[in-house]
Amino acid sequence: NAGVTQTPKFQVLKTGQSMTLQCAQDMNHNSMYWYRQDPGMGLRLIYYSASEGTTDKGEVPNGYNVSRLNKREFSLRLESAAPSQTSVYFCASSGTGVSYEQYFGPGTRLTVT
Amino acid sequence: QKEVEQDPGPLSVPEGAIVSLNCTYSNSAFQYFMWYRQYSRKGPELLMYTYSSGNKEDGRFTAQVDKSSKYISLFIRDSQPSDSATYLCAMRKNSGGYQKVTFGTGTKLQVIP
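Residue numbers (this note's numbering), protein chains in the order written: chain U, 266 to 378; chain W, -10 to 102.
What the hints contain is simulated information worked out from the structure, not anything from laboratory work.
Do not take every clue at face value.
So the derived label-pair ranges between C-beta atoms look like this [to be verified]:
hint: 1; chain 1: W; residue 1: Gln88; chain 2: U; residue 2: Glu344; range: 26 to 32 Å
hint: 2; chain 1: W; residue 1: Asn44; chain 2: U; residue 2: Lys279; range: 27 to 33 Å
hint: 3; chain 1: W; residue 1: Gln20; chain 2: U; residue 2: Asn295; range: 47 to 53 Å
hint: 4; chain 1: U; residue 1: Gly318; chain 2: W; residue 2: Gln99; range: 20 to 26 Å
hint: 5; chain 1: W; residue 1: Ser71; chain 2: U; residue 2: Pro304; range: 20 to 26 Å
Keep in mind the model is a prediction, meaning the values are calculated, not measured.
The beta-carbon is built from N, C-alpha and C at its ideal position, and this holds for glycine as well.
Please construct the entire structure, taking both the sequences and the accompanying hints into account.
Next up, the structure:
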């Protein structure tokens, strides 16, 4: 049981390049999330998927797109990377218990030069 | 004004000390209160959650919620070097049928042997 996995772990992009961050969970969770974490800003929600087949914008969606490929996988795409997107990206998933506990992946450290 | 405010620290204490970590919030719609622990270069993991005013204990950890003052705390007794991490408070409210979680910016704790 791997929990939430993310690839890649590290990535360096030049301004204007595109890339896709991959996320998968094996806990049969309905909901999945993409966050970015920046110093002094905390975790900010980019997009979320409450269930397979649905996606919604979070707090900071501009410059990103997502795909909920199936129940397990939720990808985040940067179409034209900008230096402002330099951050650590976390994927998370949650079930529907009382706590709605979110389980986080190990993160992707992205640098855009 | 941010919905959730958390002192970023860093907080440095000697081993065995009692640690107090705090968050304030402005939105009375928050119903569930959580503390996540994040080790360096790892994803956050849920430490404790509660949904009522009062105290909740789990081993050396006590979560306290005061809804009238919009104030939550996490106390760590007999702190250990292994407690060195960033602690994030998080709060959840129902937002249009979706359980929206807002995170604090995190307090970095160092426990010195």
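Q) Are Asn44/W and Lys279/U spaced within 27 to 33 Å by their CB atoms? A) At roughly 52 Å between Cβ atoms, Lys279/U and Asn44/W fall outside 27 to 33 Å, so the hint is violated.
message = Tell me if the beta carbons of Gln88/W and Glu344/U are separated by a distance inside 26 to 32 Å.
response = 29 Å, holds
inquiry  = Is 47 to 53 Å respected by the C-beta to C-beta distance linking Gln20/W and Asn295/U?
reply    = Because 20 Å falls outside the window, the suggested range is violated.
So the hint says 20 to 26 Å: do the beta-carbon atoms of Ser71/W and Pro304/U match that? 24 Å, holds
Outcome for the supplied range 20 to 26 Å, where the beta carbon pair is Gly318/U and Gln99/W = 44 Å, violated
Consistency note: the structure conflicts with the earlier hints numbered 2, 3, 4.
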